[in-house]
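Asks: Here is what each chain is made of, one letter per residue.
Protein chains: 2
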Amino acid sequence: MSTQPPHPTLLIPGPIEFDDAVLQSMSHYAESHVAPGFVKTFGETLTLVRKLFQSSTPTAQPFVISGSGTLGWDIVASSLLEKGENALVLHTGYFADSFATCLETYGANATQLKAPIGDRPSFEQIEQALKEKPYKVITITHVDTSTGVLSDIKRVTEVVRRVSPQTLVVVDGVCSVGCEEIAFDEWDLDVVLTASQKAIGCPPGLSILMCSGRAIDCFKNRKTPPSSYYASMGNWLQIMQNYENMKPSYFATPPTQLVHALHTTLSQITAQGMPARFAIHRQASDKVKAAVAELGLTQLAANPDNQAHAMTAIWLPEGLAPPDVLPGLLKRGVIFAGGLHKEVATKYIRFGHMGVSVTSPGRNDIDKAIAALKESVTEAKQAKGL
Amino acid sequence: MSTQPPHPTLLIPGPIEFDDAVLQSMSHYAESHVAPGFVKTFGETLTLVRKLFQSSTPTAQPFVISGSGTLGWDIVASSLLEKGENALVLHTGYFADSFATCLETYGANATQLKAPIGDRPSFEQIEQALKEKPYKVITITHVDTSTGVLSDIKRVTEVVRRVSPQTLVVVDGVCSVGCEEIAFDEWDLDVVLTASQKAIGCPPGLSILMCSGRAIDCFKNRKTPPSSYYASMGNWLQIMQNYENMKPSYFATPPTQLVHALHTTLSQITAQGMPARFAIHRQASDKVKAAVAELGLTQLAANPDNQAHAMTAIWLPEGLAPPDVLPGLLKRGVIFAGGLHKEVATKYIRFGHMGVSVTSPGRNDIDKAIAALKESVTEAKQAKGL
Numbered sequence: 001m002s003t004q005p006p007h008p009t010l011l012i013p014g015p016i017e018f019d020d021a022v023l024q025s026m027s028h029y030a031e032s033h034v035a036p037g038f039v040k041t042f043g044e045t046l047t048l049v050r051k052l053f054q055s056s057t058p059t060a061q062p063f064v065i066s067g068s069g070t071l072g073w074d075i076v077a078s079s080l081l082e083k084g085e086n087a088l089v090l091h092t093g094y095f096a097d098s099f100a101t102c103l104e105t106y107g108a109n110a111t112q113l114k115a116p117i118g119d120r121p122s123f124e125q126i127e128q129a130l131k132e133k134p135y136k137v138i139t140i141t142h143v144d145t146s147t148g149v150l151s152d153i154k155r156v157t158e159v160v161r162r163v164s165p166q167t168l169v170v171v172d173g174v175c176s177v178g179c180e181e182i183a184f185d186e187w188d189l190d191v192v193l194t195a196s197q198k199a200i201g202c203p204p205g206l207s208i209l210m211c212s213g214r215a216i217d218c219f220k221n222r223k224t225p226p227s228s229y230y231a232s233m234g235n236w237l238q239i240m241q242n243y244e245n246m247k248p249s250y251f252a253t254p255p256t257q258l259v260h261a262l263h264t265t266l267s268q269i270t271a272q273g274m275p276a277r278f279a280i281h282r283q284a285s286d287k288v289k290a291a292v293a294e295l296g297l298t299q300l301a302a303n304p305d306n307q308a309h310a311m312t313a314i315w316l317p318e319g320l321a322p323p324d325v326l327p328g329l330l331k332r333g334v335i336f337a338g339g340l341h342k343e344v345a346t347k348y349i350r351f352g353h354m355g356v357s358v359t360s361p362g363r364n365d366i367d368k369a370i371a372a373l374k375e376s377v378t379e380a381k382q383a384k385g386l
Numbered sequence: 001m002s003t004q005p006p007h008p009t010l011l012i013p014g015p016i017e018f019d020d021a022v023l024q025s026m027s028h029y030a031e032s033h034v035a036p037g038f039v040k041t042f043g044e045t046l047t048l049v050r051k052l053f054q055s056s057t058p059t060a061q062p063f064v065i066s067g068s069g070t071l072g073w074d075i076v077a078s079s080l081l082e083k084g085e086n087a088l089v090l091h092t093g094y095f096a097d098s099f100a101t102c103l104e105t106y107g108a109n110a111t112q113l114k115a116p117i118g119d120r121p122s123f124e125q126i127e128q129a130l131k132e133k134p135y136k137v138i139t140i141t142h143v144d145t146s147t148g149v150l151s152d153i154k155r156v157t158e159v160v161r162r163v164s165p166q167t168l169v170v171v172d173g174v175c176s177v178g179c180e181e182i183a184f185d186e187w188d189l190d191v192v193l194t195a196s197q198k199a200i201g202c203p204p205g206l207s208i209l210m211c212s213g214r215a216i217d218c219f220k221n222r223k224t225p226p227s228s229y230y231a232s233m234g235n236w237l238q239i240m241q242n243y244e245n246m247k248p249s250y251f252a253t254p255p256t257q258l259v260h261a262l263h264t265t266l267s268q269i270t271a272q273g274m275p276a277r278f279a280i281h282r283q284a285s286d287k288v289k290a291a292v293a294e295l296g297l298t299q300l301a302a303n304p305d306n307q308a309h310a311m312t313a314i315w316l317p318e319g320l321a322p323p324d325v326l327p328g329l330l331k332r333g334v335i336f337a338g339g340l341h342k343e344v345a346t347k348y349i350r351f352g353h354m355g356v357s358v359t360s361p362g363r364n365d366i367d368k369a370i371a372a373l374k375e376s377v378t379e380a381k382q383a384k385g386l
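Taken in sequence, the protein lines are chains P and D.
Each residue of the first sequence is one higher than the last, beginning at 1 in UniProt numbering.
Each residue of the second sequence is one higher than the last, beginning at 1 in UniProt numbering.
These are calculated hints, taken from the structure and not from any lab test.
Don't be surprised by glycine CBs; every beta carbon is placed ideally from N, CA and C.
Be a bit skeptical, because a hint or two may be false.
Selected chain P positions facing chain D (in silico; Cβ < 8 Å) [to be verified]: (1) I12; (2) A21; (3) L23; (4) M26; (5) Y29; (6) A35; (7) P36; (8) F123; (9) Q197; (10) G205; (11) Y229; (12) Q238; (13) Q241; (14) N245.
From just these sequences and the hints, can you work out the full model?
Replies: Encoded structure:
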């Protein structure tokens with residue numbers, strides 16, 4: 001029996017449903033952020049972040065910082081780029097536009113490589129772009145929460161290493177880390193930034209980054225000072241290293257309760273093993289996608305290669321908008337999200353299938369949601385005479 | 001009976017002990033950040049922030065953002081100053097140095113007006129400095145957590161309005177908001193920035209700001225774009241206004257559980273009324289200061305006018321360092337903090353007396369801590385043969 005009160009099942013692409021033990025960790029009693037008990041918890045949490053990314057390279061560096069996922073963009077933009085340097089932004093939806101704006105705020109030149117809605121730039125286009133000018137970083141949204149498009153970060157990185165080996169590969173993994181396959185060391189990634197509230201299954205409020213030794217060196221070799229204070233890797237690097245070495249350290253007060261919750265969820269996730277976790281999310285995603293097809297509905301990400309396993313962005317039948325369907329879902333105890341991509345927001349809905357809703361089959365969340373979707377769409381079509 | 005497990009009483013200058021209901025709010029079940037339930041909670045929380053600051057001016061604007069208190073400095077530095085503009089930083093300890101570094105990171109010229117340790121710049125010095133060049137902002141650490149020095153922000157603001165009326169008065173209220181008197185409108189302040197984990201009694205992870213209409217106009221009238229993305233007021237202003245008007249809005253996912261906890265604690269604080277809360281903290285502080293004097297100990301803040309009511313920074317007897325005394329306190333169930341001011345860190349300890357430890361007399365925290373302090377200092381002196 002869950003210790004949580006009855007409530008509609010949250011199946012948006014983050015925040016997601018929480019495990020009871022994770023939520024209980026949020027109520028941890030007050031601790032000093034520099035006392036041995038919390039230092040141990042935070043230090044272990046950073047080591048668990050390495051496991052989450054299947055990384056064992058000592059020069060790679062995890063960061064866990066108070067802030068939302070968006071803060072990760074500022075950390076990259078203000079720490080790894082200097083004014084006038086170039087960033088190639090692969091565009092698969094809403095989040096690339098915002099990341100590009102963030103990069104430009106700090107003085108970088110962001111070039112967006114755009115794909116039609118639901119698609120992603122081709123490997124050939126990426127290779128071509130990389131040959132045109134020197135790029136300090138390439139950014140990839142692993143799963144674009146606005147479209148449900150999955151990028152192939154492994155193959156993109158192979159292209160980068162072949163064509164422009166010094167370009168830093170920066171992955172926005174906010175909606176992917178914890179459910180989509182990522183092998184940080186093996187794939188030779190430089191930065192994966194994420195947030196606590198999606199597939200990691202922790203409440204929102206933590207910006208989490210994994211950085212390669214190459215990325216850290218790039219920061220250390222800057223010619224100009226970093227252009228942010230709170231978002232500068234320089235202010236956090238020693239702090240993270242100290243905590244992982246079980247030494248108290250202070251730059252800003254860490255969010256102690258959220259760190260406890262992250263510790264709990266990462267302990268659960270890594271105990272299961274990452275390959276098993278990825279497989280479970282693939283299976284759930286396959287089930288959802290099959291059900292969507294069976295309902296005669298299509299996805300924004302039309303090509304199966306492009307489809308995220310974290311979520312499904314579903315075109316509504318012609319004549320229906322999210323407000324026609326979402327209340328019917330809620331009535332059946334399920335919360336989906338409306339559209340987010342500005343150009344088509346009124347034409348689709350988003351179904352997140354991550355974390356305990358997928359890994360705890362006893363909850364029956366996914367089957368319940370599939371049934372609710374079927375009934376709600378049917379009901380909405382009838383109400384509109386479609 | 002508390003629902004929290006037995007644990008040593010945390011009496012550092014933040015984080016502090018939590019009320020049971022506040023901690024229980026941290027375990028709130030998953031909600032969408034744009035669904036009506038959470039939108040109402042967040043909207044009400046913003047209105048409660050106004051009450052916390054005793055502000056009723058509609059043009060004043062509260063912000064509640066995922067991040068630590070430090071983030072508030074970046075918000076000020078990147079939103080309110082443009083490159084080359086001047087900031088006068090009143091120095092009463094560690095935190096002025098850091099705020100000045102943050103201001104300079106974003107291109108401002110920070111001039112520090114320093115006082116000896118335990119003291120604060122005089123009103124005459126401040127007036128003189130303001131007459132020397134035009135300052136866009138003046139920053140004041142209301143309570144410097146490193147020294148326990150209280151600044152008279154009301155009188156400083158009077159000086160500013162007389163000598164340099166357009167200068168924005170920015171108060172670092174991280175260790176003051178919720179226990180030291182602040183009348184935002186009446187005193188004509190421009191920004192008070194704070195964090196959730198001190199006298200407000202919420203777990204750490206929220207950067208909270210109250211900004212005057214003058215400050216917001218200053219942001220809107222910038223000649224150059226803001227130099228941060230996550231810390232730009234521009235990206236949050238509409239979001240905060242929408243939530244307070246009960247309209248969902250998205251820039252970055254808010255930390256939903258922390259916002260619930262803030263809602264709970266601000267509901268408690270404002271129900272009591274701010275003047276009553278300030279008075280209780282003054283009484284507790286007077287009791288602590290009298291006990292410290294009775295022990296023959298002195299404070300870093302020697303002048304009673306300069307002494308914070310949130311905390312007491314206590315010089316240890318000659319020959320004792322924090323590691324001689326803190327374990328004795330812990331043995332007696334009480335946690336104090338060591339020194340933080342770099343020049344004298346090994347010579348003093350810090351006793352935080354804020355929030356439920358002060359407002360819930362049944363807890364007996366302050367009396368227990370005073371007794372533990374007396375015994376621990378006596379024991380440490382005996383051990384050292386002093």
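Asks: Decide, hint by hint, whether the structure agrees.
Replies: Hints versus structure:
Nearest Cβ of chain D to the Cβ of P:I12: about 5 Å, under the 8 Å cut. The hint holds. Interface hint status for P:A21: violated, as the beta-carbon distance to the closest one in chain D is roughly 11 Å, over 8 Å. With its C-beta approaching chain D no nearer than about 4 Å, P:L23 sits inside the 8 Å limit, and its interface hint holds. Checking P:M26 against chain D by beta carbon gives a least distance of about 4 Å; that is within 8 Å, so the hint holds.
With a cut of 8 Å, the hint placing P:Y29 at the interface with chain D holds, because the nearest CB-to-CB distance is about 5 Å. For P:A35, the suggested interface contact is upheld, since its CB lies about 7 Å from the closest CB of chain D, less than 8 Å. Of the supplied interface hints, the one on P:P36 is violated, with its beta-carbon coming no nearer than about 10 Å to a beta-carbon of chain D, more than 8 Å. Hint status for P:F123: violated, given a least beta-carbon distance of 29 Å to chain D, over 8 Å.
For P:Q197, the interface hint holds, the least distance from its beta-carbon to any beta-carbon of chain D being 6 Å, beneath 8 Å. With a least beta-carbon distance of about 3 Å to chain D, the hint placing P:G205 at the interface is held under the 8 Å criterion. Interface hint status for P:Y229: upheld, as the beta-carbon distance to the closest one in chain D is roughly 4 Å, under 8 Å. Taking 8 Å as the C-beta cut-off, the interface hint given for P:Q238 is violated, the closest approach to chain D being about 15 Å.
With a least beta-carbon distance of about 19 Å to chain D, the hint placing P:Q241 at the interface is violated under the 8 Å criterion. For the restraint placing P:N245 at the interface with chain D, the shortest Cβ-Cβ distance is roughly 19 Å, beyond the 8 Å limit, so the hint is violated.
Of the numbered hints stated above, those contradicted by the structure are hints 2, 7, 8, 12, 13 and 14, listed in ascending order.
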